[in-house]
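Okay, here's what each chain looks like letter by letter:
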Amino acid sequence: MSKKTLFDKIWDTHEVKKIQDGPSVLYIDRHFIHEVTSPQAFKGLEKRGLPVFRPKQVVATADHNVPTLHQELPIKEELSRIQVQTLKDNCAKFGIELYGLGHPFQGIVHVIGPELGITQPGSTYVCGDSHTSTHGAFGSIAFGIGTSEVEMVLATQCLLQSKPKLMRISVDGQLGKGVSSKDIVLYILSQISASGATGYAVEFAGSAIRALSMEARMTICNMSIEMGARCGMIAPDETTFAYVKGRKFAPEGADWDKKLAQWRQLFSDDDAAFDKEYHFKAEDIEPMITYGTNPGMGIGVTGHVPELSEIDPRDKAAFEKSIQYMGLAAGENIMGHPVDYVFIGSCTNSRIEDLRQVAAFVKGKQKAPGVTCWVVPGSKQVEAQAKQEGIDKILEAAGFQLRQPGCSACLGMNEDKIPAGKYCISTSNRNFEGRQGPNARTMLASPLMAAAAAVTGKVCDVRELV
Amino acid sequence: MSKAINHINSTVVPLNLENIDTDQIIPARFLKATSREGFGENLFRDWRFENNDPDQPKKDFVLNSPIYSGKILVAAKNFGCGSSREHAAWAIKDYGFDVVVSSFFADIFKNNALNNFLVPVTVSEEFLQKIFIAVENDPKTELSVSVENQTITIEATGEKESFDINHYKKDCLLNGFDDIDYLLNMRDEITAFEQARN
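Quick note, the sequences are listed as chains V and G, same order. Positions 130 to 595 (our numbering) are the ones given, in order, by the first sequence. Positions 38 to 235 (our numbering) are the ones given, in order, by the second sequence.
To be clear, the hints were calculated from the coordinates, so they are not data collected in a lab. None of the values given here were measured: they were computed from a predicted structure. For every residue, glycine included, the Cβ atom is placed at its ideal position computed from N, Cα and C. Errors might be hidden in some of the hints.
Stated by the list, open to error - Selected chain V positions facing chain G (Cβ under 7 Å, derived; list incomplete):
#, residue
1, Val145
2, Ile148
3, Asp150
4, Gly151
5, Ser153
6, Val165
7, Ala284
8, Ala447
9, Ala513
10, Met542
11, Phe561
12, Pro567
Produce the entire structure from the sequences given, and follow the hints as far as they go.
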């Protein structure tokens, strides 16, 4: 019997057909939709006079445009309001379940799927959002798609996809104090670059990955798109099964036993072949921070912005444009750089574990004067849990604002934008030019590093404070 | 109007930067529309205008240059990384480009481009440099791209390179076919697949 990777096993059970010299017809178990990338797809269906093929396999939420204050009021910004309303109308018309504003399950699409138990091992997931790769943390194939593809999946529950090449990235060993899964993924990115995994499905493996919680694993798979990967995945194990069990849409009773037996077969066989492999040591990873305008431009916090002599001549123009945008100089130390905003949120780091970690760190401390600190939970359920655990009180006492769930300042489609020229330490996934607002300057880091910056008012090494 | 696309012969707009992400191609604040039209006016919005003001074009940005124009955009490697927003492909096509040339495309962007009959042509790093040099020497340099023959040629020098394109996708480009039409014809097969799994 031939050896199979985890990816092969899932792909093979979802391949309806392989077109000769062309892509495969891949069956999609669950399709997540949101307000930004779906309206044109629904319009397309209407134009063709088609219904949604399997409406029960589609789940909708509003996240990108929603305000994070006063969600009970109508959305002030007209275009955002229209887009959210359009989603509501389309879901009603086509018979799709919507977790819209005001619903107890509303939240960022990649936070609610897992926490509701919709995301399960061995399945295929797509969404018109690149961070769909998050769901791969459960041992599933999950990837972002464009709006034409959203229309395809709505119309047929299938997608034409070419099978990607396979990459395995192993991280072994033990993480140091104050180093978290966000640092692992920023470190990998700094080593292989923002295009290092383009064209590949990436499986993350190794003892350091196995030791992580589900929420920490989601952070890594979430950012696999930032290395260009089609999707990221981690083989499911006892940690995965324990996380899924008992959640709202998880299988129960005999169904659970049957599923569990199937899920236990989901791993890459010994000696299964990968097209490319990388190995990293957990001990080499410091708390990370980015200095540039793509997520591959990261360094250990004790490091410095590269000198011009360290840059490949072909990359010089892009490097210089980037640090000029960031207001940094080649060779400059990053530690001690002042920070104006701290944003803890986004589909990368807005889960309850992230909020708990931040609260434990800032308890009894105060944010530095002049720093604005936004904490935006990933979902209504995370928000409720935070309140139940008293996290809201701790954050408030430290001078942080706990807001309402949504994508918020990750991409600034709602009112939460970082002003031009200001520096923001952000737990989100992208430091692109203008991502958090025109001319905003983003430094990506872990929730702990962000919390430490909030308290000291500058980039600092969290290891000295924990 | 047919969507089909085959031979494109045009001058080019050179944008010699790596890792151009879709947030630059079309910033998030312009994603609030509910139709596919009109994105071209905001293509590279923040690189094109000072102070977010369409009356203040940035002189040093290539789209504002009187010297360069054409239906072919040429960029350096890893074009279209980042967000999955198809709006990026819509904006490029709507602005008037039919082809984007790079040494490396991000996966989702490439799919989005093909689904909108915008041809992503992947060339070698060496050939890409030849294009940039030719265009720098003479802004009127023309490239010709043939989807049918899978070739890209620098007209002035006759230098030519072949590019890869999936056989199925090539058929779609040449005939104006659409993935959705293909999948819709398969609905019985899909239903049978579902039943066999349960």
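Hint-by-hint comparison with the structure:
no., hint, result
1, Val145, "holds (5 Å)"
2, Ile148, "holds (5 Å)"
3, Asp150, "holds (4 Å)"
4, Gly151, "holds (3 Å)"
5, Ser153, "violated (10 Å)"
6, Val165, "holds (5 Å)"
7, Ala284, "holds (6 Å)"
8, Ala447, "holds (5 Å)"
9, Ala513, "violated (28 Å)"
10, Met542, "holds (5 Å)"
11, Phe561, "holds (4 Å)"
12, Pro567, "holds (6 Å)"
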